[in-house]
Amino acid sequence: MADTPEEIQKHLKLYWKVGYALLFCTGLTVAVTWFTDNIWVGLGIAAFKAGLVAVIFMHLNDEKPLIYKVLLYTVFFAIGMMFLTLLAMYDPIISPFNR
Amino acid sequence: MEIPFTVKPRPDTGLWNAKVGIWLFLASEVMLFGGLFSGYLFLRLGAGGEPNYFWPKDVLSIPFGFVNTLILILSSVFVVVAWLQLKLRNFRKFQMWMFAVVACAFIFLINKGFEYKTKFTHYGIKLSDNSIVEGYILDDTIIYEGIKNATIDVARFNGQFLDLIEGDTPKFFRTDSDGKPQGGAFELSVSKVKEIEEEENLKLKEKHEKSNNDKLAENSEAIVVRWLPAMGIKQLSFVADKEFSIKIKRKKLRRSFKDSVKFRDQTSLKGTISKLTPGVSIALVDRIDLRATDSENPESSSLVWKYLGNDSPLKNTGDKSEEVSKVENAEINYNEEYQKSADISGDHDPKEEAAKAKGIFLGAREEVLTKAKEKGEEAEFDEVFNQYVKKWETKDGEKLESHSPILVPWDEVKLYSNFTPKWNTFYAIYFTLTGLHGLHVLIGAIVLLWFALFGKKLYDKDPEHMANRVEVGGLFWHFVDLVWIFLFPILYLM
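Here the protein sequences line up with chains D and A, keeping their order. Mapping the first sequence onto numbering that gives the first Met the number 0, position 22 (from 1) lands on 21, and the numbers just tick up by one. Mapping the second sequence onto numbering that gives the first Met the number 0, position 445 (from 1) lands on 444, and the numbers just tick up by one.
Hints listed in this document are in silico derivations from the structure and should not be mistaken for laboratory results. Incorrect hints may have been included.
According to the in silico footprint, chain A covers these stretches of chain D (three or more CB under 8 Å from chain A) [claimed, not checked]:
1. 13-22
2. 27-39
3. 46-53
4. 67-74
In this text, a Cβ means the ideal position worked out from N, Cα and C, and glycines have one as well.
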């Protein structure tokens, strides 16, 4: 990031705005549960919040390629791990006595 | 030697070293929490199928979780603001914002502590037909009477049972193989057992060596085994000079049967269970969950209804319950809590209260069924058989409140516990996820506090180096926030 005091003040404003957005989204996450049981809505908002934190607070909007590469692998394997449940469903452990 | 690339970027990566380091570490953290989230998914999707276990509903306080989420998000904003203050070369302001971050972290942890405490003091009993009752103030005291015989494990004996004897401690005799007393009476203690052990082992050793010598006399090339401590005496049996009784919380024992108990140090006593302690009781039932029950029509035939409204016989035995509180020192004080909580100290007729609790269960159930019918849908299984029974308001605005106790006979108890990982898979994954997250909050807060308190020296030397350190700590802190952003909806809202 640029280091001039003006630029920094600009960043400061942005961070507060993002903070307010995150607080608002948290309220929204709770509010939507009054209207819908759909888990994807809550998870969608959570993913949006996580995106804001990662991109703005953790500066992923302006990072070097090496870090993107590291994260690409991480995300790939982390998502892969979520599908382990699916594997377990297709390959259940069957008791020999069928209890 | 100066550590290279703390401020200037390394030519090949284009980054200062600590940044590469923290991102690699965060990548491993993503995999760690990812594995646990995957475990959560597995347990959650498996609930409700075979074997019958059901996901608890509405067990965490949403306002609590909500406030904690806000606190953590605020702290995340504070940490970037603190970092920018370093960039602006304003150390005082940096410190101020950093202290705010640490304060948020500790408020978060204190809240979490309260939440954990409510779980540790909330209990559940699973009955033999798989129905579940939950509530407060569990009593699993057992009294064993008419005990005369004790068998102990020599190596592990810790003398615990001697402290639990009611009244005068009897004297003990050693017994022979037929169980008949032998020798003189003595006071049993850990040191006495050690004394007997040494004496016996010396005898055994001499006997062993004599047989070795005999063998060698017969044949000088005979193979002999030298004496090993493992060949020593393992068990000792005693008989008391009079019958005695003990009182203990069942869960502190290793095993208990109608005619004997086994302690964790392998000491076993023979006696009979007192009629005063026929089962495990909960003083204030607040939820009945019949989802996993084997009963045909659980709303009428579950075992819960049979035992609801039976109170612990120890409750009204005057000074007896005082003795109970002496036994269980670290846990909820039975008697005191009973009196303190206005909810249960009142003059409630347990049978009447049980009828009220059943009324609430059936009423709330009926409401769910009618609502579903009006909508033309099938009622959700989770809601039909799982009801909060402490308070309920009928459609006509009538407010019902029940204070029912339950006493489940030992034979009908499958499992009982407070809300810890032992109780069900939900609490297992809940404590693992939130506990690990809480540890991250704690360690992160300590590191950030360190920067605020002791960072001045480095700041004066090289402010940019200090700013980079704080950035790295901040990245970790945002990650901790990010994990909670997902934990909040999946644990509290779904």
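Tested hints:
1. For the stretch 13-22 of chain D, the proposed coverage by chain A is satisfied: 6 residues have a C-beta within less than 8 Å of a C-beta in that chain, meeting the threshold of three.
2. Residues of the stretch 27-39 of chain D with a Cβ under 8 Å from some Cβ of chain A number 4, which satisfies the need for three, so the listed coverage holds.
3. Only when three residues or more bring their CB closer than 8 Å to a CB of chain A does the claim for the stretch 46-53 of chain D stand; here the count is 4, and the claim holds.
4. Residues of the stretch 67-74 of chain D lying with their CB closer than 8 Å to a CB of chain A number 5, which satisfies the three-residue condition for coverage.
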